[in-house]
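K.L.:
If you want the building blocks of each chain, they are given just below.
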Amino acid sequence: MSTIVSLPDQSTAKLPAKSYLNQEYGLKSWLLTGDHKRIAMLYLFSITFFFVIGGVLAGLIRLELLTPPADLMATDTYNKVFSMHGIIMIFLFLVPSVPATIGNFLIPLMVGARDLAFPKINLLSWYLYMGGGLLVLATMVLGGVDTGWTFTTPLSTHYLNTHVVTAAMGIFLAGFSSIFTGLNFIVTIHRMRCPGMTWFRLPLFVWGHYATSIIMILGTPVLAITLVLVALERTMNIGVFDPSKGGDPLLFQHLFWFYSHPAVYIMILPGMAVISEVISTFSRKRVFGYTAVAFSSVAIAVFGFLVWEHHMFIMGVSQYSALVFSLLTMLVAVPSAIKIFNWSMTLYKGSITFETPMLYAFGFIGLFTIGGLTGIFLATLGMDVHLTETYFIVAHFHFVMVGGMLMAYLAGVHFWWPKMTGRMYPEAISKTAAVITFIGFIVTFFPQFILGYLGMPRRYAAYPADFQVLNVFSTAGASILGIGYLLPMLYLPWSLKYGEIAGDNPWQATGLEWQIQSPPLTENFSEIPIMDHEAYDYEWLANKTHHEVQTVG
Amino acid sequence: MTEKTQSTHQDAEVHVVKPPVYLAIFFALLVLTALTTGISFIDLGVFNAVIALAIACLKASLVVLFFMHIHYSSRLLKLTVAAGLFTFMLLISLTMTDYISRAWGMF
Amino acid sequence: MDSPSIATTPHELGSSGLPHAHDHPAFMRHHFEDIGQQREAASFGMWVFLLTEIMFFGGLFCAYLIFRNWYHPAFVAGSNTLDITLGTTNTAVLIGSSFTMAMAVYSAEMRRKGQLVLFLVLTILLGGVFLGIKAVEYHQKYVDHHIPGMNFSIQEFVHPTNPKAIPLAPDMAEKTQLYFFLYFAMTGMHALHMIIGIGLLLFMVARASRGAYTAGHVIPVENFGLYWHFVDIVWIFLFPLLYLISRYR
Ligand code: HEM
Ligand SMILES: [Cu+2]
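Residue numbers (the working numbering), protein chains in the order written: chain L, 1 to 553; chain F, 1 to 107; chain P, 1 to 249.
No lab work stands behind these hints: they were computed from the structure. As the structure is a computational prediction, the values presented were derived from the model and not from experiment. Among the hints, erroneous ones may be present.
Straight-line alpha carbon distances no greater than 27 Å define the calculated DSS-like cross-link-like pairs of lysine-lysine that follow [unchecked claim]:
| no. | chain 1 | residue 1 | chain 2 | residue 2 |
| --- | --- | --- | --- | --- |
| 1 | F | K18 | P | K113 |
| 2 | L | K18 | L | K28 |
| 3 | P | K164 | P | K141 |
| 4 | F | K18 | F | K78 |
| 5 | P | K113 | L | K245 |
| 6 | L | K28 | L | K497 |
Use the sequences and the hints to build the structure in full.
P.N.:
Structural data, given as structure tokens:
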């Protein structure tokens with residue numbers, strides 16, 4: 001199979017003498033760093049840690065569901081396990097996954113800046129994240145929380161004796177960490193672009209993160225205040241969400257989903273951003289319809305704020321209002337579809353090669369499309385009455401969040417691994433892992449669409465025996481999926497020491513980040529670059545290499 | 001009303017608003033406060049709330065435009081303020097589509 | 001098409017390790033290109049943070065709007081128990097503190113150290129007066145048994161001691177709890193912002209008296225000013241919404 005990978009001669013190649021990794025040594029130099037690249041690494045470690053915990057919980061859920069009765073654990077325990085799984089995966093893994101690691105690492109590089117605008121705030125954001133993470137861990141140690149990740153009132157405020165307040169505080173802190181990441185990105189993208197880097201020369205990765213940051217900034221505070229109200233309601237018996245005191249539980253739903261629907265776009269836009277880069281690089285073509293893709297990101301961010309009520313269709317909201325929101329929800333699918341279309345057109349007649357990131361990217365496109373289309377089913381009022389609160393929902397959001405975002409995250413990690421560490425990951429085994437992940441994913445989650453359609457409700461430990469076959473499939477798939485995720489966790493650390501030296505630009509990619517040494521210097525550029533060509537200009541790259549060869553030779 | 005100072009460093013051109021402007025805004029705000037309190041003692045039906053909010057918006061605009069210098073700021077900052085208001089209005093208005101029409105006329 | 005300008009390898013790393021060593025003022029962070037960029041980034045960053053704050057209070061305003069419409073009589077009764085003299089005074093005090101803060105920014109811009117310290121101290125004093133008055137009001141609520149979750153009683157609304165007040169039916173009177181909860185949540189959140197602000201002001205006075213902000217580095221004062229004015233704006237809305245409902249009764 002052809003490949004575009006071009007590595008330096010391994011017998012002579014060396015890692016650069018000076019880079020951000022060896023600028024300083026010692027724990028302190030990491031914990032007090034202002035360098036966006038080091039903070040990205042801190043995030044990478046921490047989110048992987050929480051991903052493992054969330055993953056183990058997911059494994060427990062699937063094990064319990066292997067058999068119809070609630071036999072592995074008590075139903076109460078089951079409630080706690082899926083709640084903790086949701087909270088950890090959403091707030092501690094998916095929301096920061098791409099932005100706080102890959103985004104943190106790359107945005108300054110891509111806009112041609114020495115760092116993010118506010119390095120200290122960036123570090124603060126990591127500490128807030130860790131604070132939030134510790135509180136969530138504390139929740140788990142103290143005995144867990146069983147509200148589901150949605151904290152539904154009045155269940156969470158009046159009926160449960162679990163650690164709702166601790167968990168809410170953890171999410172509150174993690175929320176502020178994401179606000180600060182977003183703030184840093186927005187200011188950096190607006191104010192720190194290098195000379196010549198106009199808005200329409202920015203890589204689409206940056207556009208995607210710009211859109212994400214808008215949501216982080218404007219949505220997250222609403223979640224914060226909502227959680228504060230839940231905590232007050234619990235501790236002081238206030239009554240804003242309590243119908244017996246004149247409050248309105250639906251108000252909680254409105255406020256919660258005002259954040260949490262846009263938040264699902266926090267959990268997909270950065271993934272789309274990664275995919276644009278990967279697709280372009282491995283089909284050696286400029287992304288088709290650059291402007292359309294760029295604006296569709298912003299459109300998703302804006303429309304994302306107009307649809308939240310689709311999570312409340314059966315909760316007793318006004319039917320007129322539900323009609324409006326059903327329509328608006330259909331609209332938000334349009335910009336997502338534009339992206340899928342543009343990626344396909346980019347592939348069309350491109351010189352495609354199948355390196356690991358590209359395999360993940362293909363996985364993303366297929367699975368996200370299914371996830372998005374089933375979203376349209378759910379947006380349809382009549383259909384939703386049948387499908388809501390069933391496994392259909394579970395399958396829908398796992399297709400977009402795991403099949404979409406997690407695939408994109410892995411694509412990104414592999415794609416930029418050589419830049420972050422200076423070394424290549426082992427190609428053969430990582431391709432295997434990508435394929436395993438894809439197969440495991442389909443086997444796990446596709447049966448859940450059918451289960452949901454047949455009426456199996458979500459969030460129960462037990463189910464009728466008729467559903468067992470499909471559930472066995474799902475659990476079996478989850479085991480395969482687990483192996484798929486375990487592999488990178490083994491071979492990526494391995495490659496830190498034994499991987500091939502990657503050189504500056506192993507993929508022959510055009511981004512600014514690929515024109516500097518890997519791993520980069522502490523302040524990225526020895527001289528602030530001047531951008532004199534469009535993004536994804538492979539001709540420019542060819543000429544540049546040509547020029548270098550001539551001057552050297 | 002304003003003077004432009006070129007501070008010692010390049011590009012750092014800022015508008016410095018002079019004290020008379022601040023003083024004028026300060027008094028305007030005090031007068032509006034007195035006005036809104038006064039009007040609240042007169043029965044105007046629904047217009048009590050409308051006028052109170054209108055005066056509050058006026059006061060807030062004065063603070064934003066002059067104390068916070070938005071009047072003299074770049075388009076980016078003006079847009080930033082607008083974006084905040086816009087999203088806040090989205091939150092209110094789209095939530096209201098539910099509350100107003102849950103039982104027509106009862107809200 | 002050729003761009004030599006993208007530096008691919010470190011050309012020369014000076015002994016300091018810092019690639020660019022032009023002479024910049026000491027307060028300039030070296031990842032910025034020049035001081036203008038730093039200043040623009042800082043104030044834009046502050047505004048973006050204020051957006052977050054708008055949405056944070058936005059949730060409370062949304063709740064207020066709904067319950068005020070649902071339980072209007074209860075909100076009228078609750079609002080009428082607040083002391084309008086104290087409320088109006090406090091509004092004036094806070095506007096005054098915004099004015100002194102604006103003057104502080106001006107003084108920093110003009111590089112007048114003494115004047116800057118004076119205005120910062122005045123801002124602290126006015127902020128303190130505001131919080132003091134707020135404390136008096138809170139205490140009054142405590143005495144009246146109007147603190148939800150603590151010692152709430154609807155007695156006063158069902159059987160008002162004031163002959164002019166209109167008694168409420170018990171179930172509507174219950175809803176005054178919601179009014180008072182929102183009152184405490186909103187003013188409490190606002191007061192929390194004031195307390196944080198005063199803490200920062202104290203810190204800034206100490207630094208200002210050592211001349212920190214009067215040698216060209218006005219960004220911290222300016223940004224703090226934005227924060228303080230924002231807190232003022234929140235109060236500008238809270239005052240009519242909480243104190244001025246149907247006062248004519
Ligand atoms: C592309 C267009 C999309 C549409 C039209 C759509 C539509 C919907 C609808 C209508 C629901 C509510 C179903 C119900 O509760 O009855 C839903 C649930 C959900 N969606 Fe989507 N969605 C889309 C994309 C996404 C994306 C990109 C993500 C995340 C990355 C996502 C994550 C979720 C989650 C987590 C839930 C379930 C929340 C819960 O109840 O726990 N969706 N979606
Ligand atoms: Cu949604």
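K.L.:
If a hint holds in the structure, say so; if it doesn't, say that too.
P.N.:
How the hints compare with the structure:
no.: 1; hint: F:K18 <-> P:K113; verdict: holds, 17 Å
no.: 2; hint: L:K18 <-> L:K28; verdict: holds, 19 Å
no.: 3; hint: P:K164 <-> P:K141; verdict: holds, 20 Å
no.: 4; hint: F:K18 <-> F:K78; verdict: holds, 21 Å
no.: 5; hint: P:K113 <-> L:K245; verdict: violated, 55 Å
no.: 6; hint: L:K28 <-> L:K497; verdict: holds, 23 Å
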